[in-house]
Amino acid sequence: MSEITMVEAINLALARALEEDQNVVVFGEDVGANGGVFRVTAGLQKRFGGERVLDAPLAETAIAGMAVGMATQGIRPIIEIQFMGFIYSAVDQIINHASRMRNRTRSRLTCPMVLRTPHGGGIHAPEHHCESTESMFAHMPGLRVVIPSSPQRAYGLLLAAIRDPDPVIFLEPSRLYRLMKEEVIDNGEALPLDVCFQLRDGKDVTLVTWGAMIHETMQAADQLASEGISAEVIDVATLKPLDMETILTSVAKTGRCVIVHEAARTCAIGSEIAAQLAERGLMSLFAPVQRVTGYDTIMPLFRLEKQYIPSTARIMAAVKKTQEVS
Amino acid sequence: MSEITMVEAINLALARALEEDQNVVVFGEDVGANGGVFRVTAGLQKRFGGERVLDAPLAETAIAGMAVGMATQGIRPIIEIQFMGFIYSAVDQIINHASRMRNRTRSRLTCPMVLRTPHGGGIHAPEHHCESTESMFAHMPGLRVVIPSSPQRAYGLLLAAIRDPDPVIFLEPSRLYRLMKEEVIDNGEALPLDVCFQLRDGKDVTLVTWGAMIHETMQAADQLASEGISAEVIDVATLKPLDMETILTSVAKTGRCVIVHEAARTCAIGSEIAAQLAERGLMSLFAPVQRVTGYDTIMPLFRLEKQYIPSTARIMAAVKKTQEVS
Amino acid sequence: MNASERPDHSPPLGSETRVVAFEIKHTQIIDHHGAPLGPLPEFAKDPAELIKLYRAMVLTRLFDNKAIALQRTGKMGTYASSNGQEGVAVGMGSAMQPCDVFAPVYREYGTQFMRGVAMHEILLYWGGDERGMNYAQQRQDFPISVPIASQIPHAVGAAFAMKLRKEPRVSVGVLGDGASSKGDFYESLNIAGAWQLPVVIVIVNNQWAISLPRHEQSFAATLAQKGIAAGVPCEQVDGNDVIAMRYIMERALERARNGGGPTLIEALTYRMSDHTTADDASRYRPPAELEGQRQFDPIMRLKNYLTHNADWDDAKEQALQAECSAEIESEVKLYLDTPPMPPESMFDHLYETLPAIYKEQRDEVMQLGATGGGEDHV
Amino acid sequence: MNASERPDHSPPLGSETRVVAFEIKHTQIIDHHGAPLGPLPEFAKDPAELIKLYRAMVLTRLFDNKAIALQRTGKMGTYASSNGQEGVAVGMGSAMQPCDVFAPVYREYGTQFMRGVAMHEILLYWGGDERGMNYAQQRQDFPISVPIASQIPHAVGAAFAMKLRKEPRVSVGVLGDGASSKGDFYESLNIAGAWQLPVVIVIVNNQWAISLPRHEQSFAATLAQKGIAAGVPCEQVDGNDVIAMRYIMERALERARNGGGPTLIEALTYRMSDHTTADDASRYRPPAELEGQRQFDPIMRLKNYLTHNADWDDAKEQALQAECSAEIESEVKLYLDTPPMPPESMFDHLYETLPAIYKEQRDEVMQLGATGGGEDHV
Ligand SMILES: Cc1ncc(C[n+]2csc(CCOP(=O)(O)OP(=O)(O)O)c2C)c(N)n1
Ligand SMILES: Cc1ncc(C[n+]2csc(CCOP(=O)(O)OP(=O)(O)O)c2C)c(N)n1
Ligand SMILES: [Mg+2]
Ligand SMILES: [Mg+2]
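Sequences listed follow chains A, B, C and D, in order.
So for the first sequence, our numbering puts the first residue at 451; every next one is plus one.
So for the second sequence, our numbering puts the first residue at 451; every next one is plus one.
So for the third sequence, our numbering puts the first residue at 10; every next one is plus one.
So for the fourth sequence, our numbering puts the first residue at 10; every next one is plus one.
Bear in mind the hints are in silico, worked out from the structure with no lab data behind them.
Errors might be hidden in some of the hints.
Cross-link-like lysine to aspartate or glutamate pairs, in silico, DMTMM-like; alpha carbons within 25 Å at most [said to hold, decoys possible]:
1) K75(D) / D283(D)
2) K771(B) / D372(C)
3) K770(B) / E369(C)
4) K771(A) / E353(D)
5) K771(A) / E369(D)
6) K770(B) / E353(C)
7) K496(A) / D288(D)
8) K368(C) / D357(C)
9) K771(B) / E695(A)
10) K175(C) / E469(A)
11) K61(C) / E259(C)
12) K175(C) / E225(D)
13) K653(B) / E729(A)
14) K54(D) / D320(D)
15) K172(C) / E469(A)
A few chain A positions that, by computed beta-carbon distances, are all more than 10 Å from chain C [said to hold, decoys possible]:
16) R628
17) M630
18) E774
Not the full set, but computed from the structure, chain B residues with beta-carbon under 7 Å of chain C [said to hold, decoys possible]:
19) N484
20) D505
21) H574
22) P576
23) P750
24) F752
25) L754
Using N, Cα and C, we set each Cβ at its ideal position, and we do this for glycine too.
Start from the sequences, fold in the hints, and give me the full structure.
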């Protein structure tokens, strides 16, 4: 089996889900003949027909709301929001209905839907095309929030999301769509939706991150290794519910933690991880937790996106700070 | 001057703003003849006319979007969203436009608008009427988020919000609307939008909270005093931008901190405060920070809302935990 | 959709002027005194059938009175009355089949009861208990939807499921006149049209959205014409004429069931009550308007018809009222006797399986028990 | 609004059937060969005036070609071409007055240039620089709006401001055929109607929304008829006929300016380009369709008219092209010569005054400088 990109891996997972369950339906803007603006759904309409892979009119509120309606009636809708900046029109349906339908009806009606959307910047795209506002969904009870960071994890996590009985916000780092290739075995195996991935073993510091920031974080870990600092890297991936156990265990070992994310700093998932480390891991921390994040400013247009997105150098600098105190 | 409720204080601030600036306009659902479902805007249409105090058709996206359009053209719109559960349809306009208009146009167009909405539970209201999702707005750059906790602060903060040159989400704790009366001097004086209020001096623990939870928190502080524990109480009130200096200064003094909020626990403003305390106040903390919050579950219908909203007893228990370690 | 079915009648660029034309029809079958204005639909020729409709309306009205009383005496929370709108609700309910799916707002008790939703379930819901929306019957029907118009995409999504599975079922979504200003409604109606889904959408125009009168809600002459925007057949019906309501509804359901796509119906009626028990309509509604509307009451209208055409009399009326009241009383008892949910149940329908990370919170709630840790709440 | 102006034509309950009727008119003034189909509007009788329109269209087309070339050579980011739609843009721009306010999508360069927005500003924007939306002229006009249809509430809000201040100004909002499916549009059009605001909303129906053809976007026969849903006058115009476009636009603007309320216009045109430079229309669009549309090109059409009626010739054409190209080149130079923004400027328009809590972050950005701390980004 040859190596494939994340775009291809996601396509593979979608195809398998469409294949194995007649109730799976894919719809969104331009997902049909065009195969999605990133070509994630390429070929699916041809293969599975226009009744199950549909181009929707331009209406995010209705797309999300119809998915809720379908999901309650036994369909497993997978919707695509073209860019995360356009998810906001769907927020009412996500918060007021998708995440609550089970609770509101005491599990009489449920909402097994997946909302896929590209996430994050770094691709020189126009305004509103580079959002990383996963934190607002991570605050909402009843949702799952997932961000894969490699082709193989994208495949396994998406299958898990589709088969999950509850609504999942599946955020695809567009910067990673074609950045790397990986061997992906199309065996239909899902990955668990509530365990972090440990991407690298280390003993001096724990680097906690997800999505596209895995890239810079792994680079930082490499450079740190050459400087004699051994970094453990955790890919949170399943951001809600949050698997703090893996993170706490790692930090108990390393005594130091740097959290890296692209989203704005304030009131983000990084805040929650840092808060829980302070609450539950205080005694094992040798140094204050560092957060390397997007700034608390509007994601700039692409000329300055490089200065906004955390760089390897910023991550390294934060790690060094944790090493100073001891 | 007699004592008035928060509803009356907000009404007073609105009237003064309408009086002092011809560009101030109030609109929303049922704010006219009906005076708002909580009577916050009672009498305003009669006094200032139907051209400046308007009932809007039922359309939150357009209400928020029109406010953006008005604000860019020199109007100072104050919009009311009838309950916070209905703010989600306005989220796209708030995030993609209101918070960004200044940045997108390099301050050519600005967005001095106020979005008022009732906040929180505890009034035995129906489904979706008891939201406390301030955290999602606190994550968003370019916004201000304010929650008053007394008639007098509601008056001064609202005036500040209306006069502020940028968009403000003004959340009014419906549980406090009529709970207490206070003397409010209608002198047009605004309160600052970026400083916490210290409601009570103490030396053993800092209680950090906002909105309706001030009520239970102050009760806890009273009870703690009778047990010989002296609690300092901070009303954050201006949640974004967040004044961490006041909180850090207090915790530097007390060495202990309990954060109380009604919102779900994960990825909330409490997480941010706890994270910053760990980062910047670690050396002054004698005990792990405690968070007493709403649970990570859907706000229940009213039969169980009492079990959801943090009680004085839960706050006391958390304070006691901070006193154990030392 | 192949080319010949294309709905786009735009003239090719460069052609001459052309016109597309539309009209909105209004249907009424018996006048407000109960006199037929023309021939009756088949079903209305059977007095027993009409008495069923009458009973459903009376039951709904009596339920309504009782629910308000429960609220006023502190035994229930805020309640939205359907007083005056029973014709619309019963017309819809009688036209639908059990296999159809219903997406209500909060004033369609009449429809829900006909579909088998229990009165004590509705009371539980307004009593602040999620179990009220766990209907024992009609388990595919949607719960009451408080965020206005947000249920219309659900109804359309359900219709998609039916079409995909080639089932001869129809989805019915209801909204108010106020709700017809909201994007959710337009967006999903447009998709229902584009995808020709088996859905009937009913605007219950009760002339008010809390304090906003219909004429300030929209400059459109009728709300039915909103269907034109989506290329969806649309019409107006006198919703206080339960016979007309059922007739128009049946026709739309049949079209949808036979693959003819969606319909938008505007049902004209009047909210005789306050918006909810938390509202005081006297603040914004001229009392004369309410009084003027009483003559159009849907129950009185059908009663007049039955009196003249089906030997309806006081004795029958009293028997009916007694029967309905007894049914209501026993449901009220069921409601009042329902034991409270354990507090920790707030975690039990969050996800299918509660993630480990939330177990601690659930345990805390269980341990704190009924008081939530203190009696000190406001 | 007093009772006699009430838009609610719903019959009183209990009356007989009645009908409301509507029609949609389509206007074209010169055919696609450039031949008048009837008498011309006043402005079109002056050849100098028509040459102005012609120049504006040519300038826009040449700008477009240049912008695409800049993108292809890595000197600019993704760009949305307006090729084929110049008639709509110039028709709108020529009908508006400077005091009016314009809320564009991203294909109305022709309108923007006529209003004084500079070409280098548009290039800066697509070049990834916020300063591009800080127009030196028309400082009240809205920036390009990427979230589809979200600018329509802004246009309606601006119209509210004008009405409140009793200014004789009009707000113009533009959206695409795809955008006409979105709630923002319907909701704000409805309010524009209910409040009778001075706004003209133009649907630029270029037959495609990325890959979705118009006939799959909506089952409505015309997009103009969406105005019926809001009780707003609506009509269709051949947008590739710049004379018709300006004429219809002027009429709507005049009505709005004189207190006659909003209008919805559907302008029929065709997107000759890919959706943006990031798109490849050959994936979804039959090549024959594009070829078939070339005969309706708005520029060619007016050129034919001018050739036959205003002595337009090759020499004039060449002079015009040269003049426009020179103007474009100097604007491109301005764009390319614009020094970069300092990175820390990302904090300078967040709030009027940067709150103290963010100063540290700004300092960090300033200190890290142009590289953001490393050359290692993807
Ligand atoms: C999205 C949303 N906005 C506001 C409200 C508050 N609200 C509840 S009912 C109502 C009026 C609804 O009017 P209409 O649609 O005519 O239905 P009716 O109550 O008359 O049956 C409003 C504004 C809400 N529930 N949802
Ligand atoms: C709310 C939103 N959803 C999706 C997109 C992605 N997108 C950009 S343009 C476009 C199609 C727009 O079509 P139309 O309104 O016809 O305008 P056109 O591009 O044809 O001028 C889409 C789906 C967006 N920008 N905003
Ligand atoms: Mg109504
Ligand atoms: Mg288009």
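**Report entry** Broken hints, by number
**Finding:** Failing hints: none at all.
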